[in-house]
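A.B. asks: Since chain X is already given, all that's left is putting chain R on it; use the hints.
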Amino acid sequence: MVGRKKRKGSKTLVNIILGFICLLWLIPTLGLFISSFRPAADILQTGWWNVFPHQDWKKSGESVQLPKETDLRQPIEVGGKTFTDDQLKSGVTVDGDRLMWENRRARTLSVMEKGWEFKPALTLDNYKNVLSGKEYKLKNADGSETVQKGSGLSQAFWNTLTIAVPATVIPVLIASFAAYAFAWLRFPGRKTLFVVIIAMLVIPLQVALIPVLKDYTALGLNGSYLGIWLAHTAFGLPLVIYFMYNFISQLPKDLFESAFIDGASHFTIFSRLILPLSVPALASIGIFQFLWVWNDYLVSLIFIGNQPDVQVMSMKIADLVGSRGNDWHLLTSAAFISMLMPLAIFFLLQKYFVRGLMGGSVKG
Amino acid sequence: MKKTSARKWSLLLVLCLSFTMVLSACGGGNNASKNEPPAPAPSNNEASGNNQDGANNGGDGGGSPLDLAMKGEYKGTKVTMFGPFVDADQVKFENSIKEFEEKTGIDIQYEGSKEFEATINIRVDGGNAPDIADFPQPGLLASIAKTGKVIDLTNILDQEKLKANYNQSWLDMGTMDGKDGKIMAGIWNRSNVKSLVWYPKKQFEEAGYEVPQTWDEMMALTEQIAKDGDAAWNIGIESGAATGWPATDWVEDIMLRTTSPENYDKWVKGELPFTSPEVKHAVEVMSEIWLNKDYVYGGTKSIVTTAFGDAPSPMFDNPPKSWFHRQGNFITSFFPETAKVDVDYDWFYLPPIDEQYGKPVLVAGDIYAMFNDRPEVRAVMEFFTTGESIKTWVQSGGVIAPMNDASLDWYSSESDRRMAKLVQEASTLRFDGSDLMPGQVGAGTFWKGMTDYVSGTATLDKALEQIQAGWKN
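Protein chains in written order, with the working numbering: chain X, 15 to 378; chain R, 23 to 495.
Bound-form chain X, shown alone (with noise of 0.2 Å):
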């Protein structure tokens, strides 16, 4: 009885210390979120909390008069009390009321008093410049100006997707076929081999850009989707193997004895048995590759460039900000604009996604 207690109290206590984490890790998102719906003055100026009600200063309407001639660099004095400049600068309270310049300058002080602060300013401007592109004003020789509208993001979204989707695929397919022939098909220098894949796992990619893109002109595949196709399967060739063999390998070898004993083919093992019983594997590792290819943004910059027609959506987002990053704010919308693909993936497959995770933990 006592025992029990116990872990249900321990259980809560986990709850609360998960969820507390949760929260941690949730509210930089969160953040995000809402200034993605702020207007662009008010993210500079303000905090994203600010759209929730909450008690501000507030212009009471009054305001106080010093003398023209005040010196700023002396003690103030206003009503009897002297106060510093830096003081008045950054608001003093006096009696519940706060004085603060209102214009230093003239010389004058507002009175501020407390109140509530509820009508958040919200605006969809980012999402509209994001998605259907900048306006552009430019100025014509007579001083007249036209508007020119730039491309939103549906180009560069399409872009991304016709790479991810294949770059995710071929690769998954290739080291599935790998792994079964790794933990179940006998053939000289299997474990060479198999050692030196893993061993690419520790080789950064970023190594490899410049002889691949030599080889690449050389080819002619600069710029084009096979390139990129290709490097995304090779950069991620030896992790998905490797996943990809731990799981397989643990799967009863009865299954595929009793198979063969029945007059099986290798390829009929692996079609009929192999790949329904690694469903759960191949969604996880595909959730991964997709994430990793959709987000990827060195890559793409290295083999298929900035042309708008085969430009992906991590650059197109960076671009948004302009030369001199001076539209910044709406890289916020843009997240999460870029970020509905991925959240959909991983809903659509989240189920697998949690068996999955533990296919590479119990090694082989």
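Treat each hint with caution, since some may be false.
[Stated by the list, open to error] No more than 27 Å apart at the CA atoms, straight line, and that leaves these computed lysine-lysine pairs for DSSO-like:
hint, chain 1, residue 1, chain 2, residue 2
1, R, 343, X, 72
2, R, 201, R, 171
3, X, 95, R, 315
4, R, 494, R, 484
5, R, 171, X, 95
6, R, 185, R, 224
7, X, 153, R, 494
8, R, 470, R, 302
9, R, 185, R, 413
10, R, 204, X, 151
11, R, 470, X, 82
12, X, 148, R, 362
13, X, 163, R, 100
[To be verified] Restraint ranges, calculated between C-beta atoms of paired labels, are given here:
hint, chain 1, residue 1, chain 2, residue 2, range
14, X, 104, R, 360, 25 to 31 Å
15, R, 287, X, 357, 53 to 59 Å
16, X, 78, R, 242, 26 to 32 Å
17, R, 236, X, 89, 30 to 36 Å
18, X, 364, R, 262, 32 to 38 Å
19, X, 95, R, 229, 29 to 35 Å
20, X, 151, R, 137, 54 to 60 Å
21, R, 262, X, 103, 39 to 45 Å
22, R, 246, X, 63, 20 to 26 Å
23, R, 262, X, 278, 56 to 62 Å
24, R, 261, X, 179, 46 to 52 Å
25, X, 97, R, 229, 24 to 30 Å
26, R, 224, X, 151, 57 to 63 Å
[As the list claims (entries may be wrong)] Beyond 10 Å from chain R on every Cβ pair, some chain X residues (computed):
hint, residue
27, 29
28, 31
29, 69
30, 72
31, 86
32, 111
33, 127
34, 230
35, 285
36, 319
37, 332
38, 334
Since the hints were made in silico from the structure, they are not lab data.
Where is the CB? At the ideal position from N, CA and C, for every residue including glycine.
C.D. replies: Relative to chain X, chain R alone:
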């Protein structure tokens, strides 16, 4: 369990659907911006007579590559171009080359990337260099030119024409060390002016202030404004990983005003150390403003934490909370859209300190280098040496054309026109020093040292030693 998964599915469906809707709704208009078919070139027959020798020796035969291109000689060819400007600047650039593309039938495929500096080296090393690249930092081009991969323009472009169309100092700045000897590594297409102090014109005049003509007058006005109740200057040097760069511009500008141009050149080359009295003096002059909390909006402490783009915003409050902002002409893109040039804001030239050094002007710009030698690329390069190549951009504001044949009438605002004049009449023209220094210094210790000094984590001497140490790496 069943219920939740059903809900998730519906959520997913809604998400996907709404996204597709949004995409399809705005998908239609985009194709309009794609390349239009090249306009019919003026009669091909006539041009084809001399195209053989013209294409082969690319210059002497039937006129310059540009003349041939204008005759439609290179119709249907493509020239790739890679540069750092994106977004609004990219639109302006594409507008400025549109007419050329239509006339010649050459398709200039511009690719902009925010990661230009990081990518160009990889592309060049990987053998995937663009035909033309736009370098905002000549220092970067210089390091690539040393590898011998940049094509020497000396024999490709008509030197006489160049000399006529550019101030000699621009040509000098385009000459760099190649693999074997000096080469002409690039030509200047866009420039911007840095020695400007922006101020809210209307209120400035209403307050009865006058534009200062000397440094002393400027300091007196600064003090006057402080007495009147405002901090005169708004300064911000925060810029993410590049925090500190606006401070380097200040130092360079003051260096030009307190010491000889020769010393400036030596300093940029690393021959005059940061620890020398000349540099130290320049930073001290700067500190008279920067380290006086009455002169800087928000006090000295806020300099490091204010983003350079947000810094000028107090000028546009009514009444202004601060009055001066020293920055290059690009900063206008950060000004509020409602503020009008020549009416609400204007600039004055950062006044000289020591009369003997005249009226020096600090500039920056974009240098175009060529990586692949084909006749049509030559034609495009030649086109970029003409003012015509930047005309519409000049009209829409934000850039100054370095070419002499760019007419002052093109500038749509008085402010831009005065800038162009300032550059043409400058007694000394010097390029932004930190962009010329090697990356470790110009984009490394110089930024960091200045930030440390302003934030108070290092003394002046220590900061200068720290900056100087960058040369050794």
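A.B. asks: If a hint holds in the structure, say so; if it doesn't, say that too.
C.D. replies: Evaluation of the provided hints:
Distance restraint check for residue 343 of chain R and residue 72 of chain X: the Cα-Cα separation of roughly 20 Å lies within the 27 Å cut-off, and the hinted pair is therefore satisfied. Between residue 201 of chain R and residue 171 of chain R the alpha-carbon distance is near 8 Å, which keeps this suggested pair within the 27 Å criterion. A hinted pair counts as satisfied when its Cα atoms are at most 27 Å apart, and residue 95 of chain X with residue 315 of chain R qualifies at roughly 24 Å. For the suggested pair residue 494 of chain R and residue 484 of chain R, the alpha carbons sit about 16 Å apart, so the restraint of at most 27 Å is met.
Taking the CA atoms of residue 171 of chain R and residue 95 of chain X, the gap is near 73 Å; set against the 27 Å cutoff, the hint is violated. In summary, the hint linking residue 185 of chain R to residue 224 of chain R is not supported, as the alpha carbons are separated by about 41 Å, beyond the 27 Å threshold. Proposed proximity of residue 153 of chain X and residue 494 of chain R is contradicted: the alpha carbons are some 47 Å apart, above 27 Å. For the hint linking residue 470 of chain R to residue 302 of chain R, the alpha-carbon distance of about 16 Å falls within 27 Å, and the restraint holds.
A hinted pair counts as satisfied when its Cα atoms are at most 27 Å apart, and residue 185 of chain R with residue 413 of chain R qualifies at roughly 20 Å. Our distance criterion of 27 Å between C-alpha atoms is broken by residue 204 of chain R and residue 151 of chain X, whose separation comes to about 42 Å. Taken as a hint, the residue 470 of chain R and residue 82 of chain X pair is broken in the structure, with Cα atoms around 43 Å apart against an allowance of 27 Å. For the proposed pair residue 148 of chain X and residue 362 of chain R, the alpha carbon gap of about 21 Å is at most 27 Å, so the pair holds.
Straight-line distance between C-alpha atoms of residue 163 of chain X and residue 100 of chain R comes to about 25 Å, which keeps the hinted pair within the 27 Å bound. A C-beta distance of roughly 28 Å is found between residue 104 of chain X and residue 360 of chain R, which places it inside the suggested range of 25 to 31 Å. Range check, residue 287 of chain R to residue 357 of chain X: Cβ separation about 56 Å, and the 53 to 59 Å hint holds. With their beta carbons about 31 Å apart, residue 78 of chain X and residue 242 of chain R fall inside the hinted range of 26 to 32 Å.
Restraint check, residue 236 of chain R to residue 89 of chain X: a C-beta distance of roughly 35 Å satisfies the suggested window 30 to 36 Å. Roughly 35 Å separates the CB atoms of residue 364 of chain X and residue 262 of chain R, a value that falls within the hinted 32 to 38 Å. For the hinted restraint 29 to 35 Å between residue 95 of chain X and residue 229 of chain R, the CB-CB distance of approximately 30 Å keeps it satisfied. In this structure, residue 151 of chain X and residue 137 of chain R break the distance hint of 54 to 60 Å, their C-beta atoms being roughly 27 Å apart.
In this structure the hint that residue 262 of chain R and residue 103 of chain X lie 39 to 45 Å apart at CB is violated, the actual value being about 28 Å. For residue 246 of chain R paired with residue 63 of chain X, a C-beta distance near 41 Å fails the hint of 20 to 26 Å. Checked against the given bound of 56 to 62 Å, the beta carbons of residue 262 of chain R and residue 278 of chain X, roughly 59 Å apart, stay inside it. In this structure the hint that residue 261 of chain R and residue 179 of chain X lie 46 to 52 Å apart at CB is violated, the actual value being about 38 Å.
The hint said 24 to 30 Å for the Cβ distance between residue 97 of chain X and residue 229 of chain R, and at roughly 25 Å that hint holds. In this structure the hint that residue 224 of chain R and residue 151 of chain X lie 57 to 63 Å apart at CB is violated, the actual value being about 22 Å. Annotated as non-interface, residue 29 of chain X keeps its C-beta farther than 10 Å from every C-beta of chain R; the closest such distance is 18 Å. For residue 31 of chain X, the non-interface assignment is confirmed: its Cβ lies about 23 Å from the closest Cβ of chain R, beyond the 10 Å cut-off.
At roughly 25 Å, the least C-beta separation between residue 69 of chain X and chain R is larger than 10 Å, which holds for a residue marked as non-interface. The claim that residue 72 of chain X lies off the interface holds: its Cβ sits roughly 18 Å from the closest Cβ of chain R, which is beyond the 10 Å cut-off. For residue 86 of chain X, the condition that its CB be more than 10 Å from all CB atoms of chain R is violated, with the nearest at approximately 6 Å. No Cβ of chain R comes within 10 Å of the Cβ of residue 111 of chain X; the nearest lies about 22 Å off, and the non-interface call holds.
Once the 10 Å rule is applied to beta carbons, residue 127 of chain X is consistent with being away from chain R; the minimum gap is 23 Å. With a least beta-carbon separation of about 7 Å from chain R, residue 230 of chain X fails to lie farther than 10 Å from that chain, contradicting its non-interface assignment. With a cut of 10 Å on Cβ distances, residue 285 of chain X stays outside the contact zone with chain R, its closest approach being about 28 Å. A beta-carbon of chain R comes within 10 Å of the beta-carbon of residue 319 of chain X; the shortest separation is about 6 Å.
With a minimum CB-CB distance of about 5 Å to chain R, residue 332 of chain X fails to clear the 10 Å threshold, and the non-interface call is violated. Not every CB of chain R lies more than 10 Å from the CB of residue 334 of chain X, the least distance being 7 Å, so the non-interface label is violated.
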